[in-house]
Amino acid sequence: MLEHYLTAFATILLPQNLLAICLGGLWGILAGALPGISTSMGVVLLLPFTYAMSPIGAFTILVSAYCGGITGGSITSILFGIPGEPSSVPTVIEGHAMAKQGHAAYALWVFLFCSIGGGIFSVLVMMAATPVISNFALRFGPPEYFALTVLGLSVVSGLSGSSLLKGVIACFFGIFLATMGTDGITGLERFTFGTTILLGGINFVTAMVGMLAVSEIFIEAQEPFQEYKGAAGYTGMKTKSEFPKFSLYRQNWFNLLRSSCIGTVVGALPGAGATIASFLAYGEAARSSKHPEKFGNGAVDGLMASESANNASTGGSMTILLSLGIPGSNTTAMLVAAFMIHGMQPGPLLLTARPDIIYGIFVAMLLANIFLLGLTIGGIRLFLQLNKLPYSVFSAAIMILCTIGAFGISNNMDELYLMFAFGVIGYFMRKYGYPVAPAVLGLVLGDLAELSLRRSLLLNFGSPAILVTRPISAILLAGALVSIVYPLLKKPKALQQEAG
Amino acid sequence: MKKDELIANAGVVAFFVFMLVQASELKFVRRFGDMGSGFWPIIILSTAIFLSLLVLIINTRKYLQEKKAGAPQEPAISSGEARERRMKLVLSVICLLVYILIMPYIGFVLATLLYVPAFILALGERRKWVLAVSPFLVTAMAVAVFGRFIAMPLPRGVEAFAAFSRIFY
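In order, the protein sequence lines correspond to chains A and B.
In terms of this note's numbering, the first sequence has 210 at position 210, counting the first letter as 1, and numbering is strictly consecutive.
In terms of this note's numbering, the second sequence has 129 at position 129, counting the first letter as 1, and numbering is strictly consecutive.
Nothing false has been slipped in among the hints.
Computed list of lysine-lysine pairs in DSSO-like fashion (alpha-carbon distance at most 30 Å, straight line):
| no. | chain 1 | residue 1 | chain 2 | residue 2 |
| --- | --- | --- | --- | --- |
| 1 | A | Lys-100 | B | Lys-128 |
| 2 | A | Lys-100 | A | Lys-294 |
| 3 | B | Lys-2 | A | Lys-100 |
| 4 | B | Lys-67 | A | Lys-431 |
| 5 | A | Lys-431 | B | Lys-3 |
| 6 | B | Lys-2 | A | Lys-431 |
| 7 | A | Lys-431 | B | Lys-88 |
| 8 | B | Lys-67 | B | Lys-3 |
| 9 | B | Lys-68 | A | Lys-431 |
| 10 | B | Lys-2 | A | Lys-294 |
| 11 | A | Lys-100 | B | Lys-88 |
| 12 | B | Lys-62 | A | Lys-294 |
| 13 | B | Lys-62 | A | Lys-431 |
Source of the hints: derived by calculation from the structure; they are not laboratory data.
Just need the whole structure built from these sequences, with the hints factored in.
Structure, rendered in structure tokens:
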């Protein structure tokens, strides 16, 4: 094994492969940061350029773009409140709140180190425990997925701010939105009202851009005019006082470890990926925090948790791809195409047939995560150029980014109409104290929750007993129950604070 | 507690009730063990109605208590300023709506060139150089990055507008 690693290091450290890491990483950061250009789209756009490359060079640039994309999604989340990736929603909530309080540089440094830390952790786990994780992931059937989504949805208390009841209603609204469109099991149209716009369901990126970013601009439009505002609270990353102290990471070591583990394990579950991982880790951080009241208002432990988890999911996702040939996320599904382009089939045989590729990918991902430290700072500087624009132009630029982002999802004007509608809905939700993040959570997890519940019931001839008789499912549901009941016991007055 | 908040709460209840009625009309295409297409939405909407009714009841009680106590509600801003803020919001919303409605007909380039000055005017921008330069700067950046570099198929518009858009991407 050591021999394989030495060969892989020698190969990846060649100048052309180091250049591939830099280019792939930068491209990934750009794709991840721009709303509407997802990490998977970033990887797809790179694929044609890899035809003529050597297999190892191709995978080096592709996995670097993958890691960069997950990291880049958080830059615009913190600076402008626009989630570049669905997994960045908790980062918008906490990171952008910190930026608004004048600590954008602090939030960026925290995000940077936690992202890189989470990514490196998952790569090390991937190197050491590929067979273990893949076997565990294979035990997940519909009941376990349903239990996982319930556990994911149970973090709603952490996203609800001062009004738990309104947060739960918003979450149910999001779950309801996920039912719109064609039923995945029966093929029946639901809540489409005879239109084609809703036939394919509501894309959560469209809803997310509308509810989080467009509504934010509507809210800010009401504020008194300012000549310059820029990215909220940015003081420059060279400011010493904004550099997080080592003690912050020492105090949060368990949070970081737990979040990285959640990210790696959830990332290894096909169809789960970075979004569920970051929400789960964020919810766990909210539950165990000494200052749960800070969540939603710039909680640094929440930011650390979501960032560690979403980057850690890359290693988990790659583990299941390399060991079993199953793509754990959209992006790894694109990587399957890359394997096929180069005449390979990812799966158990690949490790013995082409160890140079497998170990090369391990090393490339490790180095990509290290290189991302510098590359992300470059990416942040690039996006901060927007900061120099007059505030009104800055708002217009953000709105155009949102518009292009929503249009780019399916190159269809329908997405823009939906984005507009969600912008207005988001505005009214914020105005009347209904938090938007739980609605996004519900929309992201709702579809998987419904399909996995109905498939579970089909498997057991309509009996829900299957949900509690399978050990992993039972444990996850018990965890969800604790997660729902605990905040109510801890804050019995939460329901009474309804009016917010 | 303001009256419009109560109206909003009632609107939320009405929305969920309307959708529940729609859900109850979904035909159940059953296989043995399948709960049908309406099963999940009915559970979700019923729970949402219960919770939103709870919010409505709590807030109505609070409103009535405040009304009974006769606590006067001081407006944080003057009515003139409130009207101005409302106007800025409405204009911003209209600008975005018109932008996305005309884009498929006149294309991304022209729509953006018109949207940027209209939107920044709505926000209160009055500096002439900003109004003159920004539409071209923002549109050029957007077209260069998305239309040319990433080759995203941005809307081109119809007929003569499509020909105009093809000059740029």
